[in-house]
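**Q** Chains H and V, in that order, are what the protein sequence lines are. Under numbering that gives the first Met the number 0, think of the first position of the first sequence as 0, with each following residue one higher. Under numbering that gives the first Met the number 0, think of the first position of the second sequence as 0, with each following residue one higher.
Any given hint could be a false lead.
To be verified - Restricting the straight-line Cα-Cα distance to at most 30 Å, the calculated cross-link-like pairs of lysine-lysine (DSS-like) are:
hint : chain 1 : residue 1 : chain 2 : residue 2
1    : V       : K24       : H       : K503
2    : H       : K283      : V       : K367
3    : H       : K481      : V       : K421
4    : V       : K49       : H       : K555
5    : H       : K503      : V       : K394
Claimed, not checked - With the Cβ distance kept under 10 Å, some of the chain V side facing chain H (calculated, not the full set):
hint : residue
6    : L271
7    : E273
8    : I274
9    : L277
10   : L295
11   : L332
12   : T333
13   : R397
14   : E433
15   : L451
Hints were generated in silico from the structure; no laboratory data involved. A virtual CB, placed ideally from N, CA and C, is assigned to each residue, including glycine.
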Amino acid sequence: MPEKIIGQVQRVNGPVITVDNVTDASMMDLVYVGEDHLIGELVKLDGTSATVQVYEDTTGLCPFENVYGTSLPLSVELGPGLIGSIYDGIQRPLSRLREICGDTIAKGVVSKALDRTKKWEFTPVVAVSDTVHPGSVIGTVQETSRILHRILVPLTLGDLKDQFTVVSISDIAEYSVDETVCVVEDDEGERHSLTLMHSWSIRKPRKVKERKPLSIPLITGQRVIDMLFPLAKGGTVAIPGGFGTGKTMTQHAIASWCDADIIVYIGCGERGNEMTDVLREFPKLIDPYTGKSLMERTILIANTSNMPVSAREASIYTGITLAEYYRDQGYHVAVMADSTSRWAEALRELSGRMEEMPAEEGFPAYLPTRIAEFYERAGRMETLSAMEGSVSIIGAVSPPGGDFSEPVTQHTKRFVRCFWGLDRSLASSRHYPAISWLDSYSEYVDEVAPWWEQKGEGNWKSARQEIMNLLQKEVRLQQIVKLVGPDALPDSQNFILEVCSMFKTAFLQQNAFDDIDKYSSIEKQLGMLNVILTYWKVGSAAIEKGLPIVRVKRMKVTQEIARMRFSISDDNLEELDKITVRLERQISRLGEMYEA
Amino acid sequence: MKHNIEMNKIERSLLKGREYIGAQKIEGPLVYMRNTHAVGYGELVEVSDKDGKTRTGQVLDTSSDVVVVQLFEGTDGLSIPSTRMRFMGEPFNLPVSKGMLGRVMNGLGRPRDASSLPAGEDSMNINGLPINPTAREYPQDFIQTGVSVIDGLTTLIQGQKLPIFSGNGLPHNQLAAQIARQAKVLSQDSDFSIVFAAMGVKYDVARFFIDSFESSGVLDNVAFFLSLADDPSIERTITPRSALTLAEHLAFTHDKQVLVIMTDMTNYCESLREISTLRGEIPSRKGYPGYLYSNLAELYERSGKLLGHGGSITQLPILTMPNDDISHPIPDLTGYITEGQIVFDREMYSRGIYPPINGLPSLSRLMKDGIGDGMTRKDHPHLANQLFASYSHVKDVRNLASVIGEEELTTLDHQYLDFGAKFENEFVYQRFDENRSIEQTLDLGWEALKTLPAEELQRVSEDELKEFYGG
Ligand SMILES: Nc1ncnc2c1ncn2[C@@H]1O[C@H](COP(=O)(O)OP(=O)(O)OP(=O)(O)O)[C@@H](O)[C@H]1O
Ligand SMILES: [Mg+2]
Numbered sequence: 000m001p002e003k004i005i006g007q008v009q010r011v012n013g014p015v016i017t018v019d020n021v022t023d024a025s026m027m028d029l030v031y032v033g034e035d036h037l038i039g040e041l042v043k044l045d046g047t048s049a050t051v052q053v054y055e056d057t058t059g060l061c062p063f064e065n066v067y068g069t070s071l072p073l074s075v076e077l078g079p080g081l082i083g084s085i086y087d088g089i090q091r092p093l094s095r096l097r098e099i100c101g102d103t104i105a106k107g108v109v110s111k112a113l114d115r116t117k118k119w120e121f122t123p124v125v126a127v128s129d130t131v132h133p134g135s136v137i138g139t140v141q142e143t144s145r146i147l148h149r150i151l152v153p154l155t156l157g158d159l160k161d162q163f164t165v166v167s168i169s170d171i172a173e174y175s176v177d178e179t180v181c182v183v184e185d186d187e188g189e190r191h192s193l194t195l196m197h198s199w200s201i202r203k204p205r206k207v208k209e210r211k212p213l214s215i216p217l218i219t220g221q222r223v224i225d226m227l228f229p230l231a232k233g234g235t236v237a238i239p240g241g242f243g244t245g246k247t248m249t250q251h252a253i254a255s256w257c258d259a260d261i262i263v264y265i266g267c268g269e270r271g272n273e274m275t276d277v278l279r280e281f282p283k284l285i286d287p288y289t290g291k292s293l294m295e296r297t298i299l300i301a302n303t304s305n306m307p308v309s310a311r312e313a314s315i316y317t318g319i320t321l322a323e324y325y326r327d328q329g330y331h332v333a334v335m336a337d338s339t340s341r342w343a344e345a346l347r348e349l350s351g352r353m354e355e356m357p358a359e360e361g362f363p364a365y366l367p368t369r370i371a372e373f374y375e376r377a378g379r380m381e382t383l384s385a386m387e388g389s390v391s392i393i394g395a396v397s398p399p400g401g402d403f404s405e406p407v408t409q410h411t412k413r414f415v416r417c418f419w420g421l422d423r424s425l426a427s428s429r430h431y432p433a434i435s436w437l438d439s440y441s442e443y444v445d446e447v448a449p450w451w452e453q454k455g456e457g458n459w460k461s462a463r464q465e466i467m468n469l470l471q472k473e474v475r476l477q478q479i480v481k482l483v484g485p486d487a488l489p490d491s492q493n494f495i496l497e498v499c500s501m502f503k504t505a506f507l508q509q510n511a512f513d514d515i516d517k518y519s520s521i522e523k524q525l526g527m528l529n530v531i532l533t534y535w536k537v538g539s540a541a542i543e544k545g546l547p548i549v550r551v552k553r554m555k556v557t558q559e560i561a562r563m564r565f566s567i568s569d570d571n572l573e574e575l576d577k578i579t580v581r582l583e584r585q586i587s588r589l590g591e592m593y594e595a
Numbered sequence: 000m001k002h003n004i005e006m007n008k009i010e011r012s013l014l015k016g017r018e019y020i021g022a023q024k025i026e027g028p029l030v031y032m033r034n035t036h037a038v039g040y041g042e043l044v045e046v047s048d049k050d051g052k053t054r055t056g057q058v059l060d061t062s063s064d065v066v067v068v069q070l071f072e073g074t075d076g077l078s079i080p081s082t083r084m085r086f087m088g089e090p091f092n093l094p095v096s097k098g099m100l101g102r103v104m105n106g107l108g109r110p111r112d113a114s115s116l117p118a119g120e121d122s123m124n125i126n127g128l129p130i131n132p133t134a135r136e137y138p139q140d141f142i143q144t145g146v147s148v149i150d151g152l153t154t155l156i157q158g159q160k161l162p163i164f165s166g167n168g169l170p171h172n173q174l175a176a177q178i179a180r181q182a183k184v185l186s187q188d189s190d191f192s193i194v195f196a197a198m199g200v201k202y203d204v205a206r207f208f209i210d211s212f213e214s215s216g217v218l219d220n221v222a223f224f225l226s227l228a229d230d231p232s233i234e235r236t237i238t239p240r241s242a243l244t245l246a247e248h249l250a251f252t253h254d255k256q257v258l259v260i261m262t263d264m265t266n267y268c269e270s271l272r273e274i275s276t277l278r279g280e281i282p283s284r285k286g287y288p289g290y291l292y293s294n295l296a297e298l299y300e301r302s303g304k305l306l307g308h309g310g311s312i313t314q315l316p317i318l319t320m321p322n323d324d325i326s327h328p329i330p331d332l333t334g335y336i337t338e339g340q341i342v343f344d345r346e347m348y349s350r351g352i353y354p355p356i357n358g359l360p361s362l363s364r365l366m367k368d369g370i371g372d373g374m375t376r377k378d379h380p381h382l383a384n385q386l387f388a389s390y391s392h393v394k395d396v397r398n399l400a401s402v403i404g405e406e407e408l409t410t411l412d413h414q415y416l417d418f419g420a421k422f423e424n425e426f427v428y429q430r431f432d433e434n435r436s437i438e439q440t441l442d443l444g445w446e447a448l449k450t451l452p453a454e455e456l457q458r459v460s461e462d463e464l465k466e467f468y469g470g
């Protein structure tokens, strides 16, 4: 990389440094600071002075040390070998860093994101004299047993309208990522060598042909989500919640069981052990849709809370750029960002050190713009190569004191269309996932309803509505009970409380540590919902006719309903129908006794 | 001031350790110095006053004209003309050795008495370096503390960071001492080495711990880093760093199982706030600096286990919640970083329950992999879930009873009240010197559940009901 001195360090204030005597530099250039060549990004220019945010620990850095410019933006490497890797916030491969510098991360260590020694078998899909454009697929590489990596003409070469002619293309053969596999020529006769990899600036969204409607749900295997507050493929959702309410667990569960093709998991300013947990668990876990190891579809970005704060700011963009790259290959990608609040706080810290005027609670005034830009990068798209792909964003938010009125939660709410609010009191009574059925919402319900109809599950929306109505009624009844006790209510109303309480323990709660309960297929979810609605229907009809509620609660089958999430696995779903049958039979027998 | 770059390089190696006389400004623990050579960020500084008394500091901000240094032993007695300063050209390193066990040091890791410490086996940067997540080993070994509510419901795991959220006047020191005394990993026979860091607590508190360790005969296995209430407040910001540096040395060089007790984190955070305010930084909540989260994470993340090393660091930080408010920034940010929390409850304390731990807001995030068959007992995971679920219902019933009166409650509600009483008085309550085995703890849990009818126990399996609940 061509480097030239662009100035000298004038001041070091943690990760923010001021550079003097700046001659030739542009905004957002990647720079190397000092004799250790610490990686940084130029974020402000003022006369001959510049501000650089440094992505590594600046201890030992001195005034007057040189700053080297590259005239390139901060970029990521895109190519085969990303899947199964774990990177830090600026895409340094952590496993490789461990080989280089041991258990801890020393500063100034560099290592390329993609392994240059590994060979990949390339299979061409274009021929000499074919016409291609940026984003076209020129060939493929089997990256993991489940992911076929499509090699694209780099978007750095231009736009859809820019035409290139293939001058040469390799046969099936093994290449490392930086070897030329194809040469193309533009209309001015200039030739470009294409390799298996290219670079792309992390701050620039990758181009697509057009946005498509968000009409397909992202199935997560989590009942409260799929049945009550669905997320669409290409959609955005925020999960706010105080500490220990279950943001990370929810994200891990979705990363494990959702039906996306690729997962990009960004640990942004969170715990080291949580990343270790994923690294340890995912290779062992089997994806229910393909039967392959989950690690074969997962990329991890780990910038834990004790790693440099500016790299935390970058980690979100690194992650989303990798996601867009796989989307452009025609895949459905789900991005988990845990936690976007730590990213916002990194912005705040850097902004504070640059002595910018703060807006709310010390956050910079551009916070909402940055949040909006990030969530805008989600979507279901037609790619430049006319394939369909999507990026869904699932962002955790960690509000101080668990108070949702703070700036990050509030601004995020403006830009996402689905909201899974975690409730502290649910969490402390161990109702997990602690997603509140009263605070949460999904604007995708109507958009994904036709998908369910096409699957022959047309009553998904009406069943959902019926149970939501009961939950609303329960709130009002609970207020009465709090004042006068449950005995003051007639049995018919008490039964609403009973059904809701059953729905919560038997359906909404889902134990991520139970082998059966942790994942529910949509068939199981619909079956369970049906059992509960049957309980409501036949139970309330019998009570209407005079059957005492205690008799309904004491039925043996009621116990079976309460345990069905643990006892019935996806292989014996017919048990759910049997429960329904027994339920109807037992109630009608009891009912007859009372009618007589 | 235009320096030649080459000159600068030569200068740095030659000027290392050179002394400057006369400060530009002294404010609280901060000293501003002009016209120095190019000084590195975070560099170690030695400052002496007119009587030749030296103190240690660190560069907090450096630029071509002014250097800001924070002094850990305070600035009392320094004057502008007589302040002498030497920049050591290296970061703050602490000489560490196994011989520090059994010794009492100050926050900077220097002996508090006249005798000298054994020679360092190694010299380590007190800030440590971030652990590579790929080098971590996921902690999963159960530590039996002998305290039922912890072992049963918020199980401590070797390598975990599990803070105690307490309040003024609550018995957090007793509990920490009890845990330190009783902690045992059932599958190992090596004992814990203890590193104790005191920040801004009274001498009595330190004395209580010293006596407690002495009476259980483990004093030789404890290293104390004391920065007490009458020591300079800024020293508290360095104390946990010194302590953790030694802990890392013991755990990852000597393969020891280390338990780090840090008290009181609230004082630590207040010292940070002092410095931040002095420097005129933009505050976030309640005047605490915006980087408090990252700063605390730099401490709390220095725990765990590493692949290929036999040792571990388990952290037990103690903090007193201002006004018993769990949403105050200090407990709040701590809870966002640590792997759970043990929460004290003043109301339980006033009812005479020791340890006054409220199980519902308490949590151990690592217990999932450390309990159950082969680790504690096979019924443990479900039993814990059931106790949580039932106990949280007790709270609802008590609320209802306070509105409509106990006599209006149903039979089932009364059974819940009985369960609540039994749970608190027999399962949670225990003596300060009572060390229960995990079997005893779990059996007590089942005893309490027997006050409830079987159909209320939906978190446990039919088999477990048969085996432990009885017919
Ligand atoms: N679905 C679930 N099943 C079982 N336990 C759960 C579930 N969700 C959460 N928990 C429990 O709650 C604990 C905290 O969850 P989690 O770590 O996801 O919280 P968090 O919101 O990410 O907290 P923080 O903001 O501090 O990172 C977990 O360790 C686990 O014990
Ligand atoms: Mg989390």
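**Q** Taking 10 Å as the limit, does the beta-carbon of V:L277 come near enough to a beta-carbon in chain H?
**A** 15 Å, violated
**Q** For the restraint on V:T333, tell me whether the closest CB of chain H is nearer than 10 Å.
**A** 8 Å, holds
**Q** V:L332 was flagged as interface toward chain H. Is the shortest Cβ-Cβ separation under 10 Å?
**A** Holds. Min distance 8 Å.
**Q** Is the shortest C-beta separation between V:L271 and chain H less than 10 Å?
**A** V:L271 check fails; min Cβ-Cβ to chain H is 14 Å, beyond 10 Å.
**Q** The hint names V:L295 as touching chain H; please verify it with the least Cβ-Cβ distance against 10 Å.
**A** Holds - the Cβ of V:L295 comes within 10 Å of chain H, reaching about 8 Å at its closest.
**Q** Holds or violated: are the alpha carbons of H:K283 and V:K367 at most 30 Å from each other?
**A** Distance of about 17 Å is within 30 Å: holds.
**Q** Please check whether V:E273 passes as an interface residue: C-beta within 10 Å of a C-beta belonging to chain H.
**A** Violated, because the Cβ-Cβ distance from V:E273 to chain H comes to roughly 17 Å (cut-off 10 Å).
**Q** Does H:K555 sit within 30 Å of V:K49, going by the straight-line distance between their CA atoms?
**A** 87 Å, violated
**Q** Mind checking the CB of V:I274 against every CB in chain H and telling me if the closest is under 10 Å?
**A** 13 Å, violated
**Q** For the pair we were handed, H:K503 and V:K394, check the Cα-Cα distance against 30 Å.
**A** Holds: H:K503 and V:K394 sit about 18 Å apart, inside 30 Å.
**Q** Does V:E433 meet its interface restraint, that is, does its C-beta lie within less than 10 Å of any C-beta in chain H?
**A** Check failed: Cβ of V:E433 comes no nearer than 27 Å to chain H, outside 10 Å.
**Q** Using 10 Å as the Cβ threshold, decide whether V:L451 counts as touching chain H.
**A** Status violated, d = 14 Å.
Of the numbered hints stated above, those contradicted by the structure are hints 1, 4, 6, 7, 8, 9, 13, 14 and 15, listed in ascending order.
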